[in-house]
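Undergrad: Protein chains in written order, with this note's numbering: chain R, 45 to 274; chain F, 45 to 274.
These are calculated hints, taken from the structure and not from any lab test.
These numbers come from a predicted model, not from an experiment.
Do not take every clue at face value.
As the list claims (entries may be wrong) - Listed next, the in silico EDC-like pairs over lysine to aspartate or glutamate satisfying Cα-Cα at most 20 Å (straight line):
(1) F:K127 x R:D83
(2) F:K268 x F:E112
(3) R:K268 x R:E142
(4) R:K127 x R:D83
(5) R:K127 x F:D241
(6) R:K268 x R:E229
(7) R:K127 x F:D109
(8) F:K127 x F:D83
(9) R:K127 x R:E112
(10) R:K127 x F:D83
(11) F:K268 x F:D241
(12) F:K268 x F:E229
(13) F:K127 x R:E112
(14) R:K268 x R:E216
(15) F:K127 x F:E137
(16) F:K127 x R:D241
Read off the chains here:
2 protein chains.
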Amino acid sequence: MNARAADEAARSGSAAEGTPEPAPTPVTGPRLVAEPRTDGVDAAVAAARRLVTALLRAGDGTGADMTEIAARLDAVTGRLTEKAPTVPERLAEMWRGEGVTRHDPVTGPENAIAPPLVLHGREDRSIEGVVTLDLPYQGPPGHVHGGVSALLLDHTLGVANHWAGTSGMTAELTLRYLRPTPLFEPLTVTGRQVSVDGSRIRTVGEITAGGRVCVTAEGLFVNKQLPRPS
Amino acid sequence: MNARAADEAARSGSAAEGTPEPAPTPVTGPRLVAEPRTDGVDAAVAAARRLVTALLRAGDGTGADMTEIAARLDAVTGRLTEKAPTVPERLAEMWRGEGVTRHDPVTGPENAIAPPLVLHGREDRSIEGVVTLDLPYQGPPGHVHGGVSALLLDHTLGVANHWAGTSGMTAELTLRYLRPTPLFEPLTVTGRQVSVDGSRIRTVGEITAGGRVCVTAEGLFVNKQLPRPS
Chain R
45 MNARAADEAA
55 RSGSAAEGTP
65 EPAPTPVTGP
75 RLVAEPRTDG
85 VDAAVAAARR
95 LVTALLRAGD
105 GTGADMTEIA
115 ARLDAVTGRL
125 TEKAPTVPER
135 LAEMWRGEGV
145 TRHDPVTGPE
155 NAIAPPLVLH
165 GREDRSIEGV
175 VTLDLPYQGP
185 PGHVHGGVSA
195 LLLDHTLGVA
205 NHWAGTSGMT
215 AELTLRYLRP
225 TPLFEPLTVT
235 GRQVSVDGSR
245 IRTVGEITAG
255 GRVCVTAEGL
265 FVNKQLPRPS
Chain F
45 MNARAADEAA
55 RSGSAAEGTP
65 EPAPTPVTGP
75 RLVAEPRTDG
85 VDAAVAAARR
95 LVTALLRAGD
105 GTGADMTEIA
115 ARLDAVTGRL
125 TEKAPTVPER
135 LAEMWRGEGV
145 TRHDPVTGPE
155 NAIAPPLVLH
165 GREDRSIEGV
175 VTLDLPYQGP
185 PGHVHGGVSA
195 LLLDHTLGVA
205 NHWAGTSGMT
215 AELTLRYLRP
225 TPLFEPLTVT
235 GRQVSVDGSR
245 IRTVGEITAG
255 GRVCVTAEGL
265 FVNKQLPRPS
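Okay, chain R solo, but in the shape it has when bound (with noise of 0.2 Å):
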């Protein structure tokens, strides 16, 4: 999808977001992504996810009337602000049990920075996940950010160690950027655990466009964690 199909989409209402693409067939194993629900405050977050490219899609040029929208978003965040838990109380609720996250900037359906990427396991024990990034997301003119790709990647990573069974803390990550990664186009991003050696793990991933290439990583990864809050 180039930037006039983007746009186009966007105004039939289909992809004013980052669209995951449709799951490929399951494989047996641990889910690797929280399910986005169609109510709660994944609706919500999901909105507000529209609501950021949105915004960037629109800048300063349209006339619309920015401080009584700003106004608003500011009510509903009061509202929020009112009935929400304390912070402590709230990492505790987040951390319980021993499911995957629901928070996190990459797949978290709680997190309107996430895209989100939804991570699928493969059989070879990689994993896989198609994602289409929008204006929140751009680095370069029409492209994405090589920060972002780091994200997307580091995420990978760590997931992968999970898939694999044997889960880490990022100790080094390279990123190599092979060429230029497209907006507005499906991207592939996958991983796969290579070793596990005493506490180090060697993970690798990458992120394709059209079939080529665009960014590989490589991780060290260290089997420990930090406590989960209480």
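Dock chain F against the given chain R, drawing on the hints supplied.
TA: Using the frame of chain R, we list chain F on its own:
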């Protein structure tokens, strides 16, 4: 600021979003990030940023009518979309002139994904910014996502190149994670161009919290740019 202090600040309305610190004494040189405006789209984006944080802080247990909130947000999105330029028009507008970008996901005042990080040039040719991150940027419990650190550093290294006078695109980026990077505390993000050898630019940077280095970055950039759309 720990999680409890962050919570109190949010309730008093003072820090529901990433909080840029006061600017240090300016040093002569090119402006490094766009100046945020208090009206226009920047005001609506700042409100959207507060909303993204409030949704994550609220979660699903507040009893707020999230379906109604989603409908309110979609009404705003609908109005913006109606008045928006086409994507090709918007891209041309975004990239007009030679100034700093307003759209990027790290410093951009028009991008609700950006914390935003405000960067300043220093006399030793390095650059620096201070930012406090909230729940949208969480990876491990109570800490910054490793990919978010990569995003901040990739961008900061690029801006350090601009400050030094020779810019380029990221070819390779290596991140080393020395200790977990805390949420809710001021983080100092720095970048410095180390060398220019033909078209190859080497640049380094780091994120510190309370004077201790959390993440380092080494980047190789090549002195070329993608064409700006017209």
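Undergrad: Would you pick out the hints that fail for this structure and give their numbers low to high?
TA: Violated hints (numbers, rising): 1, 2, 5, 6, 9, 10, 12, 16; every other hint is consistent with the structure.
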